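Asks: As a plain string of letters, each chain reads:
Protein chains: 4
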Amino acid sequence: MSINVIIAGFKGKMGQAAYKMVSEDPELTLVGLLDPFTDEKEIAGVPVFNRKEDMADLDAHVWVDFTTPKAAYENTDFALSSGFAPVVGTTGFTPEQIEELTELSRKKELGGLIAPNFALGAVLLMQFAAQAAKYFPDVEIIELHHDQKKDAPSGTAVKTAELISQVRTSKQQGVADEEETIAGARGAEFDGMRIHSVRLPGLVAHQEVIFGSQGEGLTLRHDSYDRVSFMTGVNLGIKEVVKRSELVYGLEHLL
Amino acid sequence: MSINVIIAGFKGKMGQAAYKMVSEDPELTLVGLLDPFTDEKEIAGVPVFNRKEDMADLDAHVWVDFTTPKAAYENTDFALSSGFAPVVGTTGFTPEQIEELTELSRKKELGGLIAPNFALGAVLLMQFAAQAAKYFPDVEIIELHHDQKKDAPSGTAVKTAELISQVRTSKQQGVADEEETIAGARGAEFDGMRIHSVRLPGLVAHQEVIFGSQGEGLTLRHDSYDRVSFMTGVNLGIKEVVKRSELVYGLEHLL
Amino acid sequence: MSINVIIAGFKGKMGQAAYKMVSEDPELTLVGLLDPFTDEKEIAGVPVFNRKEDMADLDAHVWVDFTTPKAAYENTDFALSSGFAPVVGTTGFTPEQIEELTELSRKKELGGLIAPNFALGAVLLMQFAAQAAKYFPDVEIIELHHDQKKDAPSGTAVKTAELISQVRTSKQQGVADEEETIAGARGAEFDGMRIHSVRLPGLVAHQEVIFGSQGEGLTLRHDSYDRVSFMTGVNLGIKEVVKRSELVYGLEHLL
Amino acid sequence: MSINVIIAGFKGKMGQAAYKMVSEDPELTLVGLLDPFTDEKEIAGVPVFNRKEDMADLDAHVWVDFTTPKAAYENTDFALSSGFAPVVGTTGFTPEQIEELTELSRKKELGGLIAPNFALGAVLLMQFAAQAAKYFPDVEIIELHHDQKKDAPSGTAVKTAELISQVRTSKQQGVADEEETIAGARGAEFDGMRIHSVRLPGLVAHQEVIFGSQGEGLTLRHDSYDRVSFMTGVNLGIKEVVKRSELVYGLEHLL
Chain A
332 MSINVIIAGF KGKMGQAAYK MVSEDPELTL VGLLDPFTDE KEIAGVPVFN RKEDMADLDA
392 HVWVDFTTPK AAYENTDFAL SSGFAPVVGT TGFTPEQIEE LTELSRKKEL GGLIAPNFAL
452 GAVLLMQFAA QAAKYFPDVE IIELHHDQKK DAPSGTAVKT AELISQVRTS KQQGVADEEE
512 TIAGARGAEF DGMRIHSVRL PGLVAHQEVI FGSQGEGLTL RHDSYDRVSF MTGVNLGIKE
572 VVKRSELVYG LEHLL
Chain B
332 MSINVIIAGF KGKMGQAAYK MVSEDPELTL VGLLDPFTDE KEIAGVPVFN RKEDMADLDA
392 HVWVDFTTPK AAYENTDFAL SSGFAPVVGT TGFTPEQIEE LTELSRKKEL GGLIAPNFAL
452 GAVLLMQFAA QAAKYFPDVE IIELHHDQKK DAPSGTAVKT AELISQVRTS KQQGVADEEE
512 TIAGARGAEF DGMRIHSVRL PGLVAHQEVI FGSQGEGLTL RHDSYDRVSF MTGVNLGIKE
572 VVKRSELVYG LEHLL
Chain C
332 MSINVIIAGF KGKMGQAAYK MVSEDPELTL VGLLDPFTDE KEIAGVPVFN RKEDMADLDA
392 HVWVDFTTPK AAYENTDFAL SSGFAPVVGT TGFTPEQIEE LTELSRKKEL GGLIAPNFAL
452 GAVLLMQFAA QAAKYFPDVE IIELHHDQKK DAPSGTAVKT AELISQVRTS KQQGVADEEE
512 TIAGARGAEF DGMRIHSVRL PGLVAHQEVI FGSQGEGLTL RHDSYDRVSF MTGVNLGIKE
572 VVKRSELVYG LEHLL
Chain D
332 MSINVIIAGF KGKMGQAAYK MVSEDPELTL VGLLDPFTDE KEIAGVPVFN RKEDMADLDA
392 HVWVDFTTPK AAYENTDFAL SSGFAPVVGT TGFTPEQIEE LTELSRKKEL GGLIAPNFAL
452 GAVLLMQFAA QAAKYFPDVE IIELHHDQKK DAPSGTAVKT AELISQVRTS KQQGVADEEE
512 TIAGARGAEF DGMRIHSVRL PGLVAHQEVI FGSQGEGLTL RHDSYDRVSF MTGVNLGIKE
572 VVKRSELVYG LEHLL
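Residue numbers (the working numbering), protein chains in the order written: chain A, 332 to 586; chain B, 332 to 586; chain C, 332 to 586; chain D, 332 to 586.
Simulated from the structure, these hints should not be mistaken for lab results. Since we're looking at a predicted model, the values are computed, not measured. Take the hints with a grain of salt, since some may be wrong.
It does not matter which identical chain is used: a pair holds within one copy or between any two.
[As the list claims (entries may be wrong)] Calculated pairs, DSS-like style, for lysine-lysine (alpha carbon to alpha carbon, straight line, at most 27 Å): (1) K502 / K481; (2) K574 / K351; (3) K465 / K480; (4) K351 / K465.
Modelling step: build the complete structure from the supplied sequences, incorporating the hints.
Replies: Listed below in structure tokens is the structure:
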């Protein structure tokens, strides 16, 4: 049976990528599109709406939302109330809003997903890193991005380090009387482990987590070449929420 | 509380490495050593035995066994009967023997481990590969070994491919009308995925599992530089079997 | 002093990339654009032409050509005759044509470049590989491309292997009685070395050359993410041909 | 024709490795061994000496020296005076001593090599890095060593950075208003480029030099697993010095 999908915010960059992905997947059927400002009434046979209220009676299973932080909370509330399982990529929800929406999803017995990061590979890498750190507590992170990125280390690297520090006994790595002959050589220190940030033209977004132990090494690497990669995560989200009866925050909870 | 350990086959290469590892871990205490041919009666205060029967009354928790395929089955049976949880690195057990020993361990309410492979990093890599393949069905394996290795692909590569093929829908990778202008370029075919074997002097034992998906890649790599790496797995085995009440086959079941 | 540049074929994909690159480099000045079919007469102050004959009197130093195989030979001949050093990315020249154009360039004392491959990183990698193979004769090549590529191994991998085989004593790598338990595991054989072709979605164009020797390894890797990378080579070509007095075939001859 | 070789300091770790290497190479013949303290008179048919003076009349072409800094200068002087081309791995020569020995080698028309680093792969990597930096000025260095190494960055990484800075226009890499949210994330700064030092158990000695440019990347990596790798460089040294008529300092001058 096909899963019927609505896309809210289909005119934006992510919305367009979602439109393409849903259209091309034979297991998914597009049944409605929402954008407050468009004049279009229909695209390739799919009705287009300016107001979400007009969509309440659509025969849809999933509400995909790539709108604005402002609109997303109300949209998600509306989707759940209308019986649609939400898959939301907009950031900016408060913990209270997430709690409230989760509560509503339980009442409605609907699954749902709010995800700050749809890069499935990055989420898997973080999970594997946390599993490996139980057995290999010595670890360093190298993240590599294009040279226009301003902050270092990357948010993903810090999040990875946090997940690792939750499962391993805190330890200061390297030899005790280690000395930097040029400051910064050993990278950023986070709970005793080290994070290194490489910035070069040509790179996109890459991360390596390197574990070392007596006589062996284990390396996990994720390469992100293109925003289109997020759609693997959105696709997974759509297919998982219809089997669930509670909204979750974070793609990792659907793996 | 310290875990008291016996090592059977302590004169061999693996046995010696185990001796060193147990001696250096403050959480472990060596209480007996077994070798049928040695004349030594004691090493660094630890009694040495020629016959296992003389060890039945030792105050030991774990029996580490790196003997011969021939001796290992009887040793494991003896260990369980004497109340010692076995950690066995010898290969060559038949499925019937494993079943029988598992049954005995249940009766005795003792944990135990028989492991054909103690390389913890390799075991973790295989587990992660199987998890990732659920979401990223397109995968290739590159294994790299020293150039004196005779068989290709490696046993670990084939086992990894088997684990992957159990979780993903079988698929023929690459484009349908793909053409090798030199035979073998696309590697060994296993259930639609490809395995490539590199053989070069200087290399030890390495494996990469590369997953590709729209706009992203996920790579898992294990480097094995030295036999000493197996001891991380033996150490884990010793500390886990004392908490269990059933023998398992394969280190992965203790993770 | 600025280098004055003409771009022939500026409407194509490569021509557009060249237009952008030249426009943005303060050391280069665009003085003319050629396309047989366009109606435009001027773009951002630069005159546009339909016929090359009308460009003979332009005050230009370099003629960049990304036209068709058919037009490129005549264009290059015209450029040299008009006193412009050609930088040509079109393929399909015969050896006789190249010889003839080289002869003309010598008479005119003009530099010039005809290059089948402008990927500077790939050209450097091939050069380094040939240098390293003198000292490290044991080598394998892994090339990785997107899974829509039909031929394996890639042309670049074969060319790299050819260059290596010119500098090393031919040798059969691996152990003599090596055995493939699954056919193809050891890859494509080329003069005793092995080439492995990986095909996965998400990948673009990548190549690794791995040298192994007693106790050490040397790996050279090139990652090509985007066609825009060719422009580094075109830029280098423009700046080098004005210093030369002979046309060359292949970017490597300008390094 | 075979090259006849003397090894001074054959009892040390490097001397033993050299002994093994020379013995196993059919193109080399061992004709004398020197150690001041040994009682042996002969090893496998090769005469052993306690005093270098007794070796002056040996029919040797090359004098391999892995002695102490104290002895090495006098040994090298003696070797040249006796007509043997020296290959010296001992460090601690002053610039004056090197100049003096070079002068002597010219007079005697003998080749010779004094090398602080015999790791051929590392020397090649540095050369390639310097060549690539001419075309790809954006570069970062990652060096990875075992976690007992005290200083960071490694000497090889700093030397690599120096060689790169000699060929490229000095530039500050990364975006101008780049910000470290944890200090040290961007690594050690050397002439605008960045060096990152990873320290983990299990690692030996590894270095990556990563170049980035529009749409592409070029990575050079050297892995050093074992001291035995130095012997490739010593072997090369022996075979090259017999063709030369001047002593050089640094293996790179023989490539």
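Asks: Does each hint fit the structure? Answer for all of them.
Replies: Hint-by-hint comparison with the structure:
For a Cα distance limit of 27 Å, the shortest separation of K502 from K481 across copies, 17 Å, qualifies, whereas the shortest one inside one copy, 29 Å, does not. In this assembly of identical chains, the alpha carbons of K574 and K351 lie at most 27 Å apart only when taken from the same copy (23 Å versus 49 Å across copies). Taking the shortest Cα distances, K465 and K480 sit within 27 Å of each other only across copies (24 Å), while inside one copy they are farther apart (32 Å). Within a single copy, K351 and K465 get their C-alpha atoms only as close as 40 Å, which misses the 27 Å cut-off; across copies the closest is 23 Å, which meets it.
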